[in-house]
Amino acid sequence: MKTPESMQEELSAWNDGSGIDLESWIGCLGSFSLAVGYASIFWPTFVNFEDYILREGFSVDSLKGFEEACSGDKRAIESVMNH
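Quick note, the sequence shown lines up with residues 1 to 83 if you use our numbering.
Worth flagging that the hints you see were computed from the coordinates, not collected in a lab. The structure displayed is predicted, hence computed values, not measured ones. Virtual Cβ for every residue (Gly too), placed ideally from N, Cα, C. Hints may be right or wrong, so weigh each one.
If you anchor each label on the Cβ, the simulated ranges turn out as follows [claimed, not checked]:
(1) P4 x F49: 32 to 40 Å
(2) E9 x S40: 41 to 49 Å
(3) S40 x C70: 21 to 29 Å
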């Protein structure tokens, strides 16, 4: 696994300056619960609703409000609803 440039300084400081590889660092600081939590943020579940593709758990009231505010522009509505 290639170490992102933004992580190199932090990883090289581990082990009294000997450094640590990215996967080992994840093993030290990460947890299964955090992985599941991050997965739900970065790979959310989507649903098909009235010809929209929306993030699961959306508010129908919000959708109706954005339909009015965005003059029915489906792309704009999905963008704001799924951000």
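If you check each hint against the structure, which ones fail?
Hint 2 alone not satisfied by this model.
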